[in-house]
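Protein chains: 2
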Amino acid sequence: MLVIGNEILSGRTRDANAYFLAGRLTELGIRLREVRVVPDVEATIIAAVNALRATYDYVFTSGGIGPTHDDITADCIAKAFGVGIDVQPEARRRLEAHYEAGMLNEARLRMARIPDGATLIDNPVSTAPGFRIGNVHVMAGVPAIFQAMVASLAPGLTGGAPLLSRTVIAQVPEGTVAADLGSLQQQYPDVDMGSYPAFRGGKASTAIVLRSTDRARLDAATEAMYAIFRRFGGEPTENEIV
Amino acid sequence: MLVIGNEILSGRTRDANAYFLAGRLTELGIRLREVRVVPDVEATIIAAVNALRATYDYVFTSGGIGPTHDDITADCIAKAFGVGIDVQPEARRRLEAHYEAGMLNEARLRMARIPDGATLIDNPVSTAPGFRIGNVHVMAGVPAIFQAMVASLAPGLTGGAPLLSRTVIAQVPEGTVAADLGSLQQQYPDVDMGSYPAFRGGKASTAIVLRSTDRARLDAATEAMYAIFRRFGGEPTENEIV
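Going down the list, the sequences are from chains E and G. Under full-length UniProt numbering, the first residue of the first sequence carries the number 1, and numbering increases by one thereafter. Under full-length UniProt numbering, the first residue of the second sequence carries the number 1, and numbering increases by one thereafter.
For the record, the hints were derived by calculation from the structure and aren't laboratory data. Please read all numbers here as calculations on a predicted model, not as lab measurements. Treat the hints loosely; a few may be bogus.
[Unchecked claim] Beta-carbon label-pair distances, calculated as ranges:
| hint | chain 1 | residue 1 | chain 2 | residue 2 | range |
| --- | --- | --- | --- | --- | --- |
| 1 | G | E223 | E | G102 | 25 to 31 Å |
| 2 | E | L120 | G | R14 | 27 to 33 Å |
| 3 | E | R92 | G | A198 | 21 to 27 Å |
| 4 | G | R215 | E | P189 | 58 to 64 Å |
| 5 | G | G160 | E | D57 | 37 to 43 Å |
| 6 | G | R14 | E | N135 | 22 to 28 Å |
Ideal Cβ placement from N, Cα and C applies to all residues, glycine included.
Take these sequences, add in the hints, and give me the full structure.
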């Protein structure tokens, strides 16, 4: 995923789209492998789009497709693909239907500029569409619009077997279970195990996230993790996040 | 900045460290230019560290320096720099002072493994240190620890002139002011102007963020932006975020 916008890098805005997309892709059986946040700088955006689209099956971008001078994403995508860009008739028609007479000024019409060969992504919130070109999906930065665009393109994405997940938590410090957890990981190379420490009310606790596409193996590894926590005096609980 | 961790990419955890660092760096007069989020995969981490440290003055990482098998950041950094890594005496001494007798097991001692030539970054929360090697600052992923580490290294960073910022907001759609805003940007190339639309209670509003190191130019451009909003019937207010 590529997040485009100075406001994220300056600390003015906390990005919400990467977190949303990460959760949705996991549900769809697609693994998000990298997120980059870059500023509104043409050369940087073009280089990042080309690096990501060459590396991954799908690329998703957010930000920079509005009507103002700092909205340069669509032009950057066209340059990254080496294609032309102009007002696209269908995108223009949608904007004309949306805006009252006289309101579709030149600036707003910029939102109908779509790279040649791209297909539109619906925007049920504020009409101005995103677009898909090659494996790159270009969407708005405003979270409500980004989420609606993801919803409209999700049925067209091809996911793998969903990654199943269980999260076991106990009031045992992670350094205490680290050696046994490492051995467990070696026994279950097909179950990905992550360890996340937390400190609440002065007490150390550890959340172990186990992930696999195989439910039987996942359940067996989870039972073994319960036993490890109990060996160190912790009473594990389970949290069904994700 | 490089955020390391499967939990962010799976959507289990919403990253908080990039947002925190972005705000702190802006205060210090340092511009954050890129954030990458990568999984706990050695080759990916090494490639990202080497790309970022060659491109930027400073690199900051978060995540992957705990005691468990999935904490591979320190080893990846050593490989990225082509140096050795071993238990460092001062880091070991700190951990020995922190843990009760018998609690400093082999797994926890991994947290004292520091690449050759690195200097330690203090961790007032849970002792296990971060480290700096070359222009790369390696810190913990737990937000409270990450923030404490940033506080301890901030005095040693060299910032430029602080970027001053004003944010003008009005209930005018951004497409309405886009053309005048574009002209204003051309008149003030030394003032960076970003436009951020919002939709609240069915009404469209626009926040214009103006940034410059020159207060007089910033104030003049801000006054001009007030005038533009008023011309379209909006009563601007100002928000002192960042």
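For each hint, the structure was consulted:
no.	hint	in the structure
1	G:E223 <-> E:G102: 25 to 31 Å	holds, 28 Å
2	E:L120 <-> G:R14: 27 to 33 Å	holds, 30 Å
3	E:R92 <-> G:A198: 21 to 27 Å	holds, 25 Å
4	G:R215 <-> E:P189: 58 to 64 Å	holds, 59 Å
5	G:G160 <-> E:D57: 37 to 43 Å	holds, 40 Å
6	G:R14 <-> E:N135: 22 to 28 Å	holds, 26 Å
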